[in-house]
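Quick note, the sequences are listed as chains A and B, same order.
The first sequence begins at 1 in our numbering and counts up one residue at a time.
The second sequence begins at 1001 in our numbering and counts up one residue at a time.
If you are wondering where the hints come from, they were derived from the structure by calculation, not from laboratory data.
Yeah, the Cβ is synthetic: ideal placement off N, Cα and C, and Gly gets one too.
Watch out, some of these pointers could steer you wrong.
[What the hints assert, rightly or not] Calculated lysine-lysine pairs in the DSS-like style (CA-CA distance at most 27 angstroms, straight line):
hint	chain 1	residue 1	chain 2	residue 2
1	A	K25	B	K1059
2	B	K1059	A	K91
3	A	K110	B	K1091
4	A	K126	A	K91
[What the hints assert, rightly or not] Cβ-Cβ distance ranges computed for the label pairs, FRET-style:
hint	chain 1	residue 1	chain 2	residue 2	range
5	B	G1089	A	E324	28 to 38 angstroms
6	A	I51	B	R1060	27 to 37 angstroms
7	A	P225	B	D1174	52 to 62 angstroms
8	A	E142	B	S1106	24 to 34 angstroms
9	B	R1060	A	N32	20 to 30 angstroms
10	B	E1320	A	I51	44 to 54 angstroms
Number of protein chains: 2
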Amino acid sequence: MSLIVQKYGGTSIGDIERIEQVAEKVAGFRANGDDIVVVVSAMSGETNRLIELAHEVQKRPLPREMDVLVSTGEQVTTALLTMALNERGVKAKSYTGSQVRIHTDSAHTKARIREIDDERLHRDLKAGFVLVVAGFQGADEEGNITTLGRGGSDTTAVALAAVLKADECQIYTDVDGVYTTDPRVVDSARRLSKVTFEEMLEMASMGSKVLQIRAVEFAGKYNVPLRVLHSFKEGPGTLITTEDDRKMETPTIAGIAFNRDEAKLTIEGVPDTPGVAYQILGPIGNANIEVDVIVQNISHDNTVDFTFTVSRTELPRAEEILNEVARDIKAAKVSSNNKIAKVSVVGVGMRSHAGVASQMFEALAEVGINILMITTSEIKISVIVEEKFLELAVRALHSSFGLDAEPSNESED
Amino acid sequence: MSLIVQKYGGTSIGDIERIEQVAEKVAGFRANGDDIVVVVSAMSGETNRLIELAHEVQKRPLPREMDVLVSTGEQVTTALLTMALNERGVKAKSYTGSQVRIHTDSAHTKARIREIDDERLHRDLKAGFVLVVAGFQGADEEGNITTLGRGGSDTTAVALAAVLKADECQIYTDVDGVYTTDPRVVDSARRLSKVTFEEMLEMASMGSKVLQIRAVEFAGKYNVPLRVLHSFKEGPGTLITTEDDRKMETPTIAGIAFNRDEAKLTIEGVPDTPGVAYQILGPIGNANIEVDVIVQNISHDNTVDFTFTVSRTELPRAEEILNEVARDIKAAKVSSNNKIAKVSVVGVGMRSHAGVASQMFEALAEVGINILMITTSEIKISVIVEEKFLELAVRALHSSFGLDAEPSNESED
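Looking at chain A on its own, in the form it has when it is part of the complex (with noise of 0.2 angstroms):
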């Protein structure tokens, strides 16, 4: 007998006919003998409703209040699937996030969790019930309600899997498993039965958004099994744990991952003085804009080139503060590109493999795509390309490092 979490989504559960689905679920592992603890999210749509009607009565509605309205969601879709749990005869009874009680900092709308209680919840799981329980929720330690923030019902999932010491952390999700890359761009890209949390990671930063950054930090932190599977399809998913767990073959690379929202600006001709980098992007920092992948090329008559790369959205505020930062270092002049992407290889295997970058570049020179900006990390190599070639270059690279799906001998292990 297993105890399992598992979290369904706000799809998952987006209307009444599939909270059935998943309590037939549900009912079916409890048939099997598992104890079992389901996390759910709103309905889909609900925190979206809910959080327009705050900004019908409030421009910048308070924090405090966003987290009592928004946690409504969740707590509706718990009493309604504990309600078709008891309709299939089986035992379950919901839990806010104040119930639990799962303790957070007071930091509203994006709150962590310190703590959990999880007496109670032992103590209903061994009467037999299956919990169900509001994603995405906390209180802190006054009993105000608190939210972790969008997605955060991952985190919710794994933070009870690593307390209650769960044989595994289903996160049910309207994808299959994680891709070697995305099947809308590479026709012949693999779901990958299992992957490391590091790489994970280094993959849901790049936009392959199956699951929360947070909760794959946490389930790697605490060793929880996490499985990424579909709420709706059979089959084994994606199966996310320690190196440890990985097979000697294990390919060198894991999976091409990529980003269309990459924006990049340059300053030119900076006087090459101490400090000078952070006379460029403090000021990018303290306007909370998120610099990505930074470069800056050797000095030269004693000045520098500064090129570094933010989210699209935030170009024009960007450029804008880098315009006033020009004026009062002396720069030469400031530029910027939003027709670019970034395409990274991502593998643990790297690590005691050489090679990798020249067989990543080798790859795409042989298509004839010029690099704009290059990154590495232990187990990343990230690229900046014109955006036109992304596909072109996901593909060669998906097909360089043997990625490629043969149809008959994928083992399930």
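For this one, chain A is given, so just place chain B on it according to the hints.
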């Protein structure tokens, strides 16, 4: 500086525009220097929407989960109203029933309030906050969410006013006060500036649906001055208070109440033995059917006739039960009539004034109305008449007891 508890019902906060109107109103009171606690219901239609969702999932929804579900309705309103107040520069804070905390028993969907912790409320009032409390809900000893049943928000408001020793509990509704009778029946019906708790109870139970009976009982028990006002029209409303507050000149009769939802059942030729009343009404009570007026005529040939009234929707079920009883106790006959109505004169004044009954019967006789049944209490006399005479009876009594409005000299004391 006064402490006022105000309750706004579903139609008063039916949409965002109304919530903003209520916020304006509360902001006005705050500007006058009063401390304000606002109790809110769910936005109109929301509770029904949630109940329908539950019934889609489960034929008889789990009561515990029903409370988890519907309590979100009030929670949403508290957050939105708090935001709207904040937008107008008024410091405000929302509370769920669990957060206050409003301790109740565990009778889900119809819980009773046991105790209210007022410490946190006093602290926040002292800190200058307007408190916005979710009506209709609480939490039991285990922290399970409970609801007080439909209309329970009035009860929440009165209970908070009692605990906080508020100067007044104001119930904002879609009528501008309590009337001598239904203005749709009698044009000259007059708003009462004051009415006693006892009179209000008799009026409420007769179908003047201004206030929940439980709330009036509660207010009477704890001597909370209760005022019924219109949400969006100016005016002093009606103050519901103890008898001692009334002037000497108070008219004998406060109002004429009536109820169309009546049906009567007669069982004839019942052998007159001890315990026969119980044999007849026991099975009716066991079936959870409420009996109102009961009349037993004088024994005659060792048999008696029994007549009682029930609400019309219960008639078929009551009749079925009574037919069984008739067979068991060998009664002669069962008959029924659902074309009847009840008319009552209500007033604490009748305690010290003889002749109210005879004046009532005379007034009805003058317009040729036959009385089918009579029942009396200390402050109420009710008669059952044929339904077709209802309006005529109400108008005749309203006029006979001097309740008709005199357009120019109503004092507002």
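Q | Consistency of beta-carbon spacing, N32/A to R1060/B, with hint 20 to 30 angstroms | A | holds (27 angstroms)
Q: Take a quick look at whether K110/A and K1091/B sit within 27 angstroms of each other, Cα to Cα.
A: Distance of about 22 angstroms is within 27 angstroms: holds.
(Q) Assuming the hint says 52 to 62 angstroms, is it satisfied by the Cβ distance from P225/A to D1174/B or not? (A) Holds: the Cβ-Cβ distance is about 57 angstroms, inside 52 to 62 angstroms.
**Q.** 27 angstroms limit on alpha-carbon distance, applied to hinted pair K25/A and K1059/B
**A.** holds (20 angstroms)
Q. Does 28 to 38 angstroms hold as the CB distance between G1089/B and E324/A, or does it fail?
A. holds (34 angstroms)
Q: May I ask you to test the hint 27 to 37 angstroms on the CB atoms belonging to I51/A and R1060/B?
A: Since I51/A and R1060/B have Cβ atoms about 34 angstroms apart, the given range 27 to 37 angstroms holds.
Q. Holds or violated: 44 to 54 angstroms for the Cβ distance of E1320/B and I51/A?
A. Holds - the Cβ-Cβ distance for E1320/B and I51/A, about 52 angstroms, lies within 44 to 54 angstroms.
(Q) Between the alpha carbons of K126/A and K91/A, is the straight-line distance 27 angstroms or under? (A) At roughly 12 angstroms apart (the allowed maximum being 27 angstroms), K91/A and K126/A satisfy the hint.
Q.
Taking the Cβ atom of E142/A and the Cβ atom of S1106/B, is their distance within the range 24 to 34 angstroms?
A. At 25 angstroms between Cβs, range holds.
(Q) Just to be careful, I want the Cα atoms of K1059/B and K91/A compared with a cutoff of 27 angstroms; is the pair within it? (A) holds (16 angstroms)
Checked against the numbered hints given earlier, this structure breaks none of them.
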